[in-house]
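K.L.:
Residue strings, one per chain:
2 protein chains.
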Amino acid sequence: MTQGNIFRSPGPWALAAVVAALALLSGCEQAATTGQVAEAVLPSWSDGPTRDALVSFVADVTTSGSPHYVPTAERIAVFDNDGTLWSEQPMYVQLAFVIDRVEALASDHPEWKDRQPFKGVLEGDLRAVAASGEHGLFELVMATHAGMTTAEFSDAVEGWLVTARHPKLQRPYTECVYQPMLELLDYLRASGFQTWIVSGGGIDFMRPWTERVYGVPPEQVVGSTMKMQFEMRESAPVLMRLPEMDFIDDKAGKPVGIHKFIGRRPIAAFGNSDGDLQMLQWTTSGPGRRLGLIVHHTDADREVAYDRESLIGRLDEALDEASDRGWVVMDMKRDWEIIFPAAP
Amino acid sequence: MTQGNIFRSPGPWALAAVVAALALLSGCEQAATTGQVAEAVLPSWSDGPTRDALVSFVADVTTSGSPHYVPTAERIAVFDNDGTLWSEQPMYVQLAFVIDRVEALASDHPEWKDRQPFKGVLEGDLRAVAASGEHGLFELVMATHAGMTTAEFSDAVEGWLVTARHPKLQRPYTECVYQPMLELLDYLRASGFQTWIVSGGGIDFMRPWTERVYGVPPEQVVGSTMKMQFEMRESAPVLMRLPEMDFIDDKAGKPVGIHKFIGRRPIAAFGNSDGDLQMLQWTTSGPGRRLGLIVHHTDADREVAYDRESLIGRLDEALDEASDRGWVVMDMKRDWEIIFPAAP
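As they're listed, the protein sequences go chains A and B.
Residue numbers for the first sequence follow the working numbering, beginning at 187 and rising by one.
Residue numbers for the second sequence follow the working numbering, beginning at 187 and rising by one.
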């Protein structure tokens, strides 16, 4: 249609002008939702059904007068972290932290060199660590995550992130995040969404850096928590981390964590594994327009291809349920032009 | 100083213009902090030291270039609810809900009429209820707060609030809130603060109405929580409330709740009882400019005068500690021109 055509058919043109005026009037309530603008804000997403699904969802819930319009306050999007926002292969980042920290603390714990699973960690014998089972892992987590104040733990995490490197990518873990997901977070926030992290990982392992890396402030991070105790040290209060789990924010725990921390049901959920199944179910069975999206790791060349058989980030039940529940299954190989951000 | 004087001394006038221009340039970061503007936004607060303390704190942390300047993201203020934002006399509102709910549910529980503490509630024999002690209270709370979905509980709270009336004021409980505190919440938010509730009350008892009444969204409410369980009902998920406490957000639990839910240390805390002691300690012992304020119920004519001897909202230790820690002790009789809002 040429410009002449537009002016010859004033009907749609006038309508567009009214829509634009309404958009201006409604201010922040109205987000940019045309494909053209989305292209500008989702540059690392390939053209195709996944990108279209994201853009049309955002258009539906942010366009005033749309039957699917959702007020800004209720635009809550929840994101899993491991495998959804950053790489979880070849092992969960928090597990790498545990291993490095056992090594860092070993000189204060001479008994560890003769005791599993610590011995296995110190000798690099991961088979022995695995043989210690869930109880062994629990011991490792408690030895490295408890018995210190919240401030001390936060410092330990931040200090570790400065020097630790992803074993394969040889980059800081905070650079092993998915560039397209960073763009999606920005796009949703620009469209009036709150973007929350809902992760099985430790809440205090994430909070020190999520704002810097993802633009997600500490108060919008939900994760697993340990018991804490308020103590007074020479009239200055501290919070001590106790060697006891308080809440595990994984699988059926995720909707519980969402209700507890957020108190509203999200309208969009993004995950990549069966750990996110219930979060996806909970989010997408509310009334009105909803979006569930699964990040499917299909790219063995640029990242890792894994799903039903993987020990880390197994995606099986959620994949089976996706089509019945109308979830979008993203295909990393097809849908992402870029995986990781350029080096800073 | 007359207008002529102002123009004859261009120094301060020019400075004021520069400050105003900077304020405009820095946009939302810069809050109105002059006494004159504060008067417009805190109309129910009497002139005097308490109001001055509020205004000077806000000016200190919001003025760009001030040595006490705090970025918007870190402007977290926490408010106790019972006795700080709304009336807790003659009994906690949530206890009135428990009593009314026992009556409402009694026909489904014929056994209650012969069993304490239910019998006592149904017969209005509060002495018998009190005699059942903490365990009795726990039983009442579980019978009225658990065994239903989160959505059902939220509906029960909202339904109750429509008809329930404060026994003395004969107004809906959501109108028995303190007008000066509503203004303070607005003033802080207009100054870039997040205003969080941190209450010993049930989180799901508060969330259905805090946004409407206080302007505090559900995700900024911290309170006591019950265990929940994710369940699938004919492929539609629900969250069931279990008869077990998850977390008690009172006394030494308040800093724990703050760290767990917010993940940052607040810079201002508002409370009225020893239940807020640790929250005040935790908030005001962080670095930089801090504000702790105690609402002291001193007005027997317009509300209730109570502190050290009260069973509800006892204020004793926190009052003793206030001057050493530099907390502002507000005097309701002196500092508040109005207690409750005008009827709508």
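Worth double-checking, as some hints may not be accurate.
Note that identical chains are pooled: a pair holds if it fits in a single copy or bridges any two copies.
Straight-line Cα separation of at most 20 angstroms, EDC-like style, residue types lysine to aspartate or glutamate; simulated pairs [stated by the list, open to error]:
{"#": "1", "residue 1": "LYS305", "residue 2": "ASP493"}
{"#": "2", "residue 1": "LYS413", "residue 2": "ASP432"}
{"#": "3", "residue 1": "LYS519", "residue 2": "ASP493"}
{"#": "4", "residue 1": "LYS437", "residue 2": "GLU417"}
{"#": "5", "residue 1": "LYS437", "residue 2": "GLU420"}
{"#": "6", "residue 1": "LYS437", "residue 2": "GLU260"}
{"#": "7", "residue 1": "LYS413", "residue 2": "GLU430"}
{"#": "8", "residue 1": "LYS299", "residue 2": "GLU309"}
These are computed hints drawn from the structure, not numbers from a lab.
K.L.:
Hints first: check each against the structure and report whether it holds.
P.N.:
Each hint, compared with the structure:
In this assembly of identical chains, the alpha carbons of LYS305 and ASP493 never lie at most 20 angstroms apart, being 32 angstroms within a copy and 57 angstroms across copies at closest. In this assembly of identical chains, LYS413 and ASP432 lie within 20 angstroms of each other by CA distance both inside one copy and across copies; the values are 5 angstroms within and 11 angstroms between. In the homo-oligomer, the alpha carbons of LYS519 and ASP493 lie at most 20 angstroms apart inside one protomer (14 angstroms), although the nearest pairing across protomers, at 66 angstroms, exceeds that limit. In this assembly of identical chains, LYS437 and GLU417 lie within 20 angstroms of each other by CA distance solely across copies; the values are 12 angstroms between and 33 angstroms within a copy.
In this assembly of identical chains, LYS437 and GLU420 lie within 20 angstroms of each other by CA distance solely across copies; the values are 19 angstroms between and 42 angstroms within a copy. Taking the shortest alpha-carbon separations for LYS437 and GLU260, neither the intra-copy value of 23 angstroms nor the inter-copy value of 32 angstroms comes in at or below 20 angstroms. For a Cα distance limit of 20 angstroms, the shortest separation of LYS413 from GLU430 qualifies both inside one copy, at 6 angstroms, and across copies, at 17 angstroms. In this assembly of identical chains, the alpha carbons of LYS299 and GLU309 lie at most 20 angstroms apart only when taken from the same copy (8 angstroms versus 66 angstroms across copies).
Checked against the numbered hints given earlier, this structure breaks hints 1, 6; the rest are met.
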